[in-house]
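Please model the complete structure; the sequences and the hints are all you need to start from.
4 protein chains.
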Amino acid sequence: MLFQRIESEGIAQYSYLVGDSHEAVVIDPRRDIDVYLEAATFQGYRIVAVLETHRHEDFVLGSVELAARTGAEIWHADGQWDYRYGQAARDGQTWKIGRLKLEAISSPGHTPGSMSYLLYDSGVNPWIVFTGDALFAGDVGRVDFLGEDRMAGMAGLLYDTLYRRLLPLGDEVIVCPGHGAGSVCAADIADRSWTTIGLERRYNPKLQFPDRDAFVLGVARKLEYAPYFREMERLNLEGPPLLGEMPLPKPLSAASFASQIESSVVVDTRMELGFGAAHVPGSLSIWLGGLPGYAGWFLPYGKPILLVQEGEDPSPTFRYLVRFGYDTLAGHLAGGMLSWNTAGYENESVPMVPVSSLCRLLDSGEKAWILDVRSEDELVSHGSISGAHNIHLTMLPERMNEVPKDGPVYIFCASDLRSMIAASLLQRAGWRNAAVVLGGLIGWNSTTCPIV
Amino acid sequence: MLFQRIESEGIAQYSYLVGDSHEAVVIDPRRDIDVYLEAATFQGYRIVAVLETHRHEDFVLGSVELAARTGAEIWHADGQWDYRYGQAARDGQTWKIGRLKLEAISSPGHTPGSMSYLLYDSGVNPWIVFTGDALFAGDVGRVDFLGEDRMAGMAGLLYDTLYRRLLPLGDEVIVCPGHGAGSVCAADIADRSWTTIGLERRYNPKLQFPDRDAFVLGVARKLEYAPYFREMERLNLEGPPLLGEMPLPKPLSAASFASQIESSVVVDTRMELGFGAAHVPGSLSIWLGGLPGYAGWFLPYGKPILLVQEGEDPSPTFRYLVRFGYDTLAGHLAGGMLSWNTAGYENESVPMVPVSSLCRLLDSGEKAWILDVRSEDELVSHGSISGAHNIHLTMLPERMNEVPKDGPVYIFCASDLRSMIAASLLQRAGWRNAAVVLGGLIGWNSTTCPIV
Amino acid sequence: MLFQRIESEGIAQYSYLVGDSHEAVVIDPRRDIDVYLEAATFQGYRIVAVLETHRHEDFVLGSVELAARTGAEIWHADGQWDYRYGQAARDGQTWKIGRLKLEAISSPGHTPGSMSYLLYDSGVNPWIVFTGDALFAGDVGRVDFLGEDRMAGMAGLLYDTLYRRLLPLGDEVIVCPGHGAGSVCAADIADRSWTTIGLERRYNPKLQFPDRDAFVLGVARKLEYAPYFREMERLNLEGPPLLGEMPLPKPLSAASFASQIESSVVVDTRMELGFGAAHVPGSLSIWLGGLPGYAGWFLPYGKPILLVQEGEDPSPTFRYLVRFGYDTLAGHLAGGMLSWNTAGYENESVPMVPVSSLCRLLDSGEKAWILDVRSEDELVSHGSISGAHNIHLTMLPERMNEVPKDGPVYIFCASDLRSMIAASLLQRAGWRNAAVVLGGLIGWNSTTCPIV
Amino acid sequence: MLFQRIESEGIAQYSYLVGDSHEAVVIDPRRDIDVYLEAATFQGYRIVAVLETHRHEDFVLGSVELAARTGAEIWHADGQWDYRYGQAARDGQTWKIGRLKLEAISSPGHTPGSMSYLLYDSGVNPWIVFTGDALFAGDVGRVDFLGEDRMAGMAGLLYDTLYRRLLPLGDEVIVCPGHGAGSVCAADIADRSWTTIGLERRYNPKLQFPDRDAFVLGVARKLEYAPYFREMERLNLEGPPLLGEMPLPKPLSAASFASQIESSVVVDTRMELGFGAAHVPGSLSIWLGGLPGYAGWFLPYGKPILLVQEGEDPSPTFRYLVRFGYDTLAGHLAGGMLSWNTAGYENESVPMVPVSSLCRLLDSGEKAWILDVRSEDELVSHGSISGAHNIHLTMLPERMNEVPKDGPVYIFCASDLRSMIAASLLQRAGWRNAAVVLGGLIGWNSTTCPIV
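Residue numbers (the UniProt record's numbering), protein chains in the order written: chain A, 1 to 452; chain B, 1 to 452; chain C, 1 to 452; chain D, 1 to 452.
Hints listed in this document are in silico derivations from the structure and should not be mistaken for laboratory results. Just to be clear, a hint being listed does not mean it is correct.
In this list, chains with the same sequence are indistinguishable; a pair is considered to hold if it fits within one copy or across any two.
[Unchecked claim] Quick list of in silico lysine to aspartate or glutamate cross-link-like pairs, EDC-like style, CA-CA up to 20 Å:
#	residue 1	residue 2
1	405	262
2	96	191
3	101	191
4	222	144
5	96	310
6	222	377
7	405	366
8	405	103
9	96	144
Below you can see the structure in the form of structure tokens.
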């Protein structure tokens, strides 16, 4: 038989390829489907069905793309919404995949019509449950997507899903969730890459509440809502354009790149130090590994995207962007910053100071406005610097005017990657005085800075 | 700079990727274009143009597919014909690719409007000439495509192309032809994988004739015309369907496979010995490596194609077939012959005898009808068995009735791969008495068979 | 963190790569260690330790090879034996790998000093237990390696391991065994590729006995002991030669191949049908996928091995062989059987009959000696043909004289792959009358053969 | 047949794999030989011989490594020196590789005993000549390795080699040299990736001298002699240690890295901008692509090497270093500069100014000491900035005291990659005032800087 978990890095999204006797299903496929096609084709499996656990809001599903290439049937959850493709799965519905059996389990809470899918061993014994965003390792799905007024109701539904449908499957059943640690779909997913009902029952903090009311109180919490969620929801209802027909991004000479800047948005995926040293004026810093997590917060839809990167192959970035429906990557700066600089164009830099230097500065009595762009959760669990001003990175575009424009500003995050995103946002908006603190809060804690 | 020769195995077709300063052109691309996209993208080149040397008749060009993904301009030769895509290149037209320069050289003969393309080093010195099917290592292009009555005229044109346009470029110029050894586009391409004008001038047998008339007499020769050539010509004028949208072939259970046989054609790409031992009744044997060379002769267009193969991945066969416009690969027998046999279906076999056994048989005075399926050229250059009946493999479908149905028939080719194709053709048509001689003529010559 | 299961196909052996914070351990590495080095290096992990669950008898451990390249410490189980390398792990010993913790759990039964290793999540909660050959999905380790007289004692130890050490870890704990379905280390491993303590407690047939005595009675069973086990035991105590210094196998011309046959053993890894059609006289048939499972039963140590295969790359076979300490692969027949046959050498074939033909034959009253080479377990669970003679394939070399040499013999296995091994063994020993029944018992059951 | 050119990037070294009928030779293999083993093994070729064109001084040959794995015979040139391995090839000696023939042609000049190897097509016609470092595209080999006093003599020998042995082979013969553009073995190799005798005869500037004396005068020129040449010469006479037994480099935590700095040399292979922004104090900047070209000038032998890089996989750097006999790569900083900074360690930066800023500065009358680290050849062909002080990068360690320590220094190269190497060299030696001019001379020329 075939059992494979495919992780989309950056959003820690898990999809699953399950097959037997030359037939396979994919649960929650991502949009760039080559990974499924290759694995299935190479091993002689035909993908006959796509099962969706819910209408995802944090990435574009590959169901339509997969169906176009394989003829697979699409079964979606959240049948209450108006899909332009596929059919709605029903609670209790079963699928036979060779000797295996899959059964849909209605699992509302994260969305009103979420489904889990239970895989039976040899078609008989409950074995693995694919829980989508209902249950994670160490967390449960967020319940705030329908708005604050419906949060408590959704939390209640999720409680019932967990305690009436999922936990009763038995401690021994393996849990395959829709995300691992690092997702925006839950705040506290654990770094426990494989888990079981029993492990969650025992160690998941959200399953330790005394009763339903306490659970509702504990999990009904408004989290951040990224601008791109709305676009994902739309694309997942309508079905996105097919990738197989999409033009490839182009290498652009410095001159050609420069001429298109006005009408585009420029993203620079190099590591923070290179960006800080020199970058195309007006560009947004998001290091490549952070692109899946942050593109959706800061990149507008509809505008052509220009890319500055290390090396020449734009494919990884292209892949990351289309996973979020950014289908407008126009090209990248061929030759990178070197070609920009040798073409004699102006560049910009960001002041960077090591924590030790900042220590000395503060120690000497220098006044400094410190901006901490970490989330509230991080402040609570990892501590903060006294006197620092906290604006979570994702809120920065809206709250930018709180940051002084005259005196020096020192930006902190856990390390310094997000600080550089913040610095680039500020610089694009006209701030000239914002420095990134290299090493960030971890570095701060590693040294013995005299103040705090 | 970028210079890469891409060989399509089986038809020994050469295409070329040439680039400089982030721009590249492809000369005579094949239909499955991933190889060009990956090489160019990975190294930061944008494919800006496709140059065709002529309207190919032995494979489907990838010009339209490439233009769709990269926006490349298509420049075709043979502008006298009615293309639905691209523009016609003109003699003397030039293209700048970074510091490089390419120039079109009218090169009629193989087709009326063939073009060569001359690459200048640093834009100044003649360096490499892409000759398409005008000039090969050890041979020149065939001139019989417009019919026997125009052969002499075309041969004359080719002479002028060679002696007035190509040879004068200078002995030192590197020649990059459209095919290597093993193509149907010329009879005698040498196994000299890289060559120059001077090497051809000295050693190419077709360039040793004393004058134009002798040349015309020597090369104006009617060669075989495969049924698929017509389809290739049509597709290369109209532009083929895009592969990016094509459904993938499916693994099929023995039962499902069996139920579709009636309305399909079955191709078995296993090596000849496995086919001979047991195969699905009615299937056509073409070993995988021989598929590019023989599919076009024996596979009809329009019918679904069912595949029997070793292993589970049908991708190589799929790739080979679409290169010849066979877009109807429906699926393959999942689990191969093992699943056919364990499903209890009937199979057929082909008698196989080692040359040594045949020797003994003939030596004992046994009468045997020997069928030699090699080409006339092979008969001439490698000798033949006395008393053998020669029907070239490609003629067999039309001349099958010359083969006796009652007594035993022993099939020879150089080894035994083509013999098995012949045996499968005969078996499908009702012959039950045709045996393949393992080792073939090479084996015959390796042993000391007493007769001949 | 890093968690990866690596499966060695053919023996379904599982090794595991577990890491955190740039440090990793490997549990039960195989001898060709490139897979660990690449995964670890690529992701920035240093392999600091090798943990062995027992002195394996069915493959060569890669501990010594891994230590040589990475400096990893080797911790072996079965410390009661005399190792030439590494140190003995002790019950309760712990290892810190970044934030993870591993703990040794004494787990005797399969061998006297087997160890399991328990992985704690975040260093605190029992999460995954690596059980080696103590506990599998659907089975437990065999207990007969020390001889029949000690079987009951070992079974008792295993009971205590299971019920006092492993099951008490909790239903929710994930079980990572040393083998999956298809191993010689247990008879009935289930096709449940991931499992938990609870799944095994509920569904593993060997964990359903009422008490210790019943368990001992149920599992203390003499299984087959392959000749190569002894060699594996020796190599795993002494440490095998390093692969990095081993000469590569060579392609050999037919003549060179022929000249070395006398002093070598010839293995043919092509699929059964090709072998049956024609093979080098005296060669042993083991299809490539069956090589890991059957080489150790039929290939002698010390003799040069000559290989006949499909295609030219001997690397997969080389890899399979060194995993069992066969370090003497001298070369392969370049060009395969085609070059053998074109060189005019004699070949041999094996009669093959489809089940349907055999049906008709038997139906017509023809007397036939049927040899069934399946195991006793298979006879019991899948049924047998009345009148068939059963000699398990692995016993055939010793019991060959029970097979008649005069009349026709029809060989059955489940399909026909093992039948071809049997036919090749018989043919090498002088039998000329043994035919393979294509489709085997599954085919037999698929058709409606009138007799039985 | 098999014909493959393998390029070692960075030193533009060409080796060649040539084979026929399952036998192959390698000409001038590099030390990491996996590329040859894989190509040959995969296609069924056995490497039977290694042919060396001379005792190379710019990289470590893989002859000994290749012989150890394949049993190939080693034939070296420069038989006048005292090799510890292999046999000396003789002028006129021939090798048969299937249907091919290779012949040694004595080709002294670059070294006293250099050999070329001529490949005959079908064993008869001169086809391809492997010229080692005697003849390149656009240049000839340097003749100064035996010292200035013997330069003229060697140049005379080279003239005779070229005019009596190589050019007479015929304009049509293909030339396969030992290096492409970008080698230290000749100053002016052209970017003409494939060439012929005729192309060189016509366009190679070194073959345009009127007579022998003029040639000697023209090419007998002292070029730079890198410190590592001596080590390469030694290793290529003695044979280097085998790589298959070498321990792999290790990822190191920031603390572990820091503790080893004192006794090691630190190399940082990130791009220049990231290095300039922040680096481990005392580290040497050589961007990854420049490592093969510059490591040998600035890295001492014998000392452990510590690596700072982008990403986690040290394999490319490892590979580059062992090609030059640097076998002491101890490990790399796991997590890169981010982990250094979050560990709170001090870092250093390099001032960087865009050319436009420098323009403005100079325009304003500011006094600036400009250091141009380009070679003399570059100064001549691309021009220079008036008032700039030229010290070629490779001379900087010896002439560092010419650079002022008090006022600001602005470093120029063509772009800015080598400038950063220079800046790191100065910074390690105590200079605190040296800034890198981003965009360099090309950038300077791209803008309209008012001065010069």
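How would you label the pair residue 405, residue 366 (within, between, both, or neither) given a Cα cut-off of 20 Å?
within (17 Å within a copy, 30 Å between copies)
Under a CA distance limit of 20 Å, which applies to residue 222 and residue 144: within one copy, between copies, both, or neither?
within (6 Å within a copy, 61 Å between copies)
I want to check one pair: residue 405 and residue 103. Are their C-alpha atoms no more than 20 Å apart within a copy, between two copies, both, or neither?
neither (58 Å within a copy, 56 Å between copies)
Is it within a copy, between copies, both, or neither that the alpha carbon of residue 96 lies no farther than 20 Å from that of residue 191?
between (32 Å within a copy, 17 Å between copies)
Please work out whether the CA atoms of residue 96 and residue 144 approach to 20 Å or closer within one copy, between two copies, in both situations, or in neither?
neither (35 Å within a copy, 39 Å between copies)
Under a CA distance limit of 20 Å, which applies to residue 222 and residue 377: within one copy, between copies, both, or neither?
within (13 Å within a copy, 59 Å between copies)
When no copy is specified for residue 405 and residue 262, does a C-alpha distance of 20 Å or less occur within a copy, between copies, both, or neither?
Neither way: residue 405 and residue 262 sit 25 Å apart in one copy and 43 Å across, limit 20 Å.
Copy assignment of residue 101 with residue 191, given that the CA separation must stay at most 20 Å:
between (29 Å within a copy, 14 Å between copies)
How do residue 96 and residue 310 come out at 20 Å by Cα distance, when the copy is not named: within, between, both, or neither?
neither (47 Å within a copy, 27 Å between copies)
Of the numbered hints stated above, those contradicted by the structure are hints 1, 5, 8 and 9, listed in ascending order.
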